[in-house]
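> The lines below spell out each chain.
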Amino acid sequence: MSGTVELLASRGAERRIEAPISAVACARDGQTFAIGTVDGEIYLIPMAVLRQPEAWQRVEAHDGAVLCLAPDAGSSGFVSGGEDNRLVRTSANGETTELHRGRRWVECVTTTTSHIAFSVGKGLELRDASGEKTLKTLEHPSTVTGIVFDAKGKRIAASHYNGASMWFVQAKIDSVRGLAWKGSHTGVAIHPGGEALVTTMQENDLHGWRLSDGHNMRMSGYPKQVASLDFTRNGRWLATSGADAIVMWPFFGGGPMGKPPAELARLPGVFCSFVKAHPKQDVIAAGFEDGTVLLAETSSERVLPMCMGGRGRVTSVAFTPQGGAMVFGTEDGVIAALDLSKAD
Amino acid sequence: MSESKVPVTVLTGFLGAGKTTLLNHILSAEHGRKYAVLVNEFGELGVDGDLVVDADEEVFETNNGCICCTVRGDLIRILGSLLRRRNKFDGIIVETTGLADPAPVAQTFFVDENLREKARLDAVVTVVDAYNILQTLEESHEAINQIAFADVIVLNKTDLVDAEKLKEIEARIHKINASVQIHPVSHSNVAMSDILDRGGFDLKRALATMPDFLENSEHSHEEGVTSMSFAVEEPLDEARFQAWIGAILQEQGADILRSKGILNFQGQNDRFAFQAVHMMADGDYIGPWKEGESRTSRIVFIGKNLNRPQLRRGFESCRA
Chain A
1 MSGTVELLAS
11 RGAERRIEAP
21 ISAVACARDG
31 QTFAIGTVDG
41 EIYLIPMAVL
51 RQPEAWQRVE
61 AHDGAVLCLA
71 PDAGSSGFVS
81 GGEDNRLVRT
91 SANGETTELH
101 RGRRWVECVT
111 TTTSHIAFSV
121 GKGLELRDAS
131 GEKTLKTLEH
141 PSTVTGIVFD
151 AKGKRIAASH
161 YNGASMWFVQ
171 AKIDSVRGLA
181 WKGSHTGVAI
191 HPGGEALVTT
201 MQENDLHGWR
211 LSDGHNMRMS
221 GYPKQVASLD
231 FTRNGRWLAT
241 SGADAIVMWP
251 FFGGGPMGKP
261 PAELARLPGV
271 FCSFVKAHPK
281 QDVIAAGFED
291 GTVLLAETSS
301 ERVLPMCMGG
311 RGRVTSVAFT
321 PQGGAMVFGT
331 EDGVIAALDL
341 SKAD
Chain B
1 MSESKVPVTV
11 LTGFLGAGKT
21 TLLNHILSAE
31 HGRKYAVLVN
41 EFGELGVDGD
51 LVVDADEEVF
61 ETNNGCICCT
71 VRGDLIRILG
81 SLLRRRNKFD
91 GIIVETTGLA
101 DPAPVAQTFF
111 VDENLREKAR
121 LDAVVTVVDA
131 YNILQTLEES
141 HEAINQIAFA
151 DVIVLNKTDL
161 VDAEKLKEIE
171 ARIHKINASV
181 QIHPVSHSNV
191 AMSDILDRGG
201 FDLKRALATM
211 PDFLENSEHS
221 HEEGVTSMSF
231 AVEEPLDEAR
241 FQAWIGAILQ
251 EQGADILRSK
261 GILNFQGQND
271 RFAFQAVHMM
281 ADGDYIGPWK
291 EGESRTSRIV
301 FIGKNLNRPQ
311 LRRGFESCRA
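Same order as they appear, the protein sequences are chains A and B.
Residues 1 to 344 in our numbering are what the first sequence lists, from first letter to last.
Residues 1 to 320 in our numbering are what the second sequence lists, from first letter to last.
Worth flagging that the hints you see were computed from the coordinates, not collected in a lab.
Quantities reported herein were computed from a predicted structural model and do not represent experimental measurements.
The beta carbon of each residue, even a glycine, is placed where N, CA and C say it ideally should be.
Heads up, some of the hints might be wrong.
Label-pair restraints from in silico Cβ distances [stated by the list, open to error]: (1) 296(B) <-> 304(A): 34 to 44 angstroms; (2) 90(B) <-> 266(A): 35 to 45 angstroms; (3) 67(B) <-> 252(A): 39 to 49 angstroms; (4) 141(A) <-> 164(B): 25 to 35 angstroms; (5) 294(B) <-> 141(A): 48 to 58 angstroms; (6) 67(B) <-> 270(A): 54 to 64 angstroms; (7) 135(A) <-> 15(B): 34 to 44 angstroms; (8) 32(B) <-> 141(A): 16 to 26 angstroms.
Please model the complete structure; the sequences and the hints are all you need to start from.
Here you go:
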């Protein structure tokens, strides 16, 4: 693809660091991106210096890999869990505070404006927005592999071996809604309209439950394990990795049962490794195993390449809440930031 | 069997056999290599410098409905994370508890595609306490399984038994696992080259030294775990072999603890290495036969209720 000017070059900036990137997130106020590495660092990219990689700030947040990263419950800053068994808050200016220290890895973290939830082994701990006060600890039958709040922040779900569990955040007495399906479930997503819960599995499959009646949905046919999934903003589509295209399951007109998925942005022989739905438009950002990153419109065949391959497997992508900028990271330690808001 | 894959050594052994001593020995030996270590309780270990992770031994059934096909969920998660930093260490050691069945550990490397891509099971090393082993074998099927799964046995505490007893123990071990290498030592003091970086399940070495006496051994009526090996001089038909071994593992996978083979397929210059744990099988071409080497296909089964004539006829029927 020589001669092609990559959008990344004209609208963004990139920097290669030593450690593979494990997670990327944007703060709720949209002013800062955070990038976690397997060496325990967090890089902060303020919007003002999005295109000045030398001004990106490096913070030593964990000893061992950053396993998970999310925007803080407050408007700025982040929370991250690591192999050092700690949950750490990192402010937009790079100050870190320890919120939890235990005996096992902090493997998942997710937040709403009023809660911080994280998992340690079989336990899912729910804290208030300050991160200081533990509201409840929800126990599961086996290690929690993924956690997610529903769109309203009223329920929280966890994936684990043999299914998923849903809990009401505010319940005085905790009763679990168990969603059972044999096998190891490795990640979880909830439909924005609350219609369905979908998990990724150890096998090359997705499993879903229609939440109105618990009806099971099996979504299979992937050549690889599905490592990443994300619903579009309106819940019409579920985008997933695991094939040499973005695989899109329709969640309208009766849902995906009995329907084949649509495919976007097929790159023959190159596997999609990460998908992220744009927060405001019907667009999916997809990262591939060779480092290719592109945007694909869900309603058309249109594809907008951000950069070609040669950067290593894309492990994480994040947008700002308004969708005007995006950051991605790769296994080869490339951090790239793009301004999508204005044309040059 | 790519060399860029991180070798994983699984360390098993009955309680008190000397696993922790061996682990400390490995970590303090001057081999110039760095190991990440997964243990169940690292409190007693007192190691530093290397990466030590507390594992929780979470065993899963896989989704194929077979009760023998279990894997370790904690290993998938922990190794998956560690392997992202594979430039930081030369190998990984997984220590299992004394009562654990090694099968779920070994099978994990067949099932998870990320692990298969980045790591290879180098060898199952079982530490055996020479002083107590004959007694333990009578009382515990876990101990039998640990020997059955082993590629290498560190026969420890040999200073506590005489030469005759040692011979008896080695014969007993070889009866369970004909192809295993036995290293008699005391205080777990074994040469690092005998246990680490053996090269993919120690397949080549195990089969190269497979004792010939087994070929002539009489039919065993014993109910316990035994091993049987077979050899075929003529080239094999690959499709016929795959169909046969698939059916054997499907029907008898729960009883076949391990099977391994080096095979000469017709029309191929390279040796084909085959291995399975219970029903989970894996195979790959591992480079050409040596000049002047006899291109004999060999296979070994370790398990219970093995029917020698049936297995022999089946293997022989794979001839091209």
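> A separate judgement is required for each hint: does it hold in the structure or not?
Here's how the hints hold up against the structure:
no.: 1; hint: 296(B) <-> 304(A): 34 to 44 angstroms; in the structure: 59 angstroms, violated
no.: 2; hint: 90(B) <-> 266(A): 35 to 45 angstroms; in the structure: 39 angstroms, holds
no.: 3; hint: 67(B) <-> 252(A): 39 to 49 angstroms; in the structure: 41 angstroms, holds
no.: 4; hint: 141(A) <-> 164(B): 25 to 35 angstroms; in the structure: 52 angstroms, violated
no.: 5; hint: 294(B) <-> 141(A): 48 to 58 angstroms; in the structure: 54 angstroms, holds
no.: 6; hint: 67(B) <-> 270(A): 54 to 64 angstroms; in the structure: 38 angstroms, violated
no.: 7; hint: 135(A) <-> 15(B): 34 to 44 angstroms; in the structure: 42 angstroms, holds
no.: 8; hint: 32(B) <-> 141(A): 16 to 26 angstroms; in the structure: 44 angstroms, violated
Going down the numbered hints, you'll see the structure goes against 1, 4, 6, 8, while the others check out.
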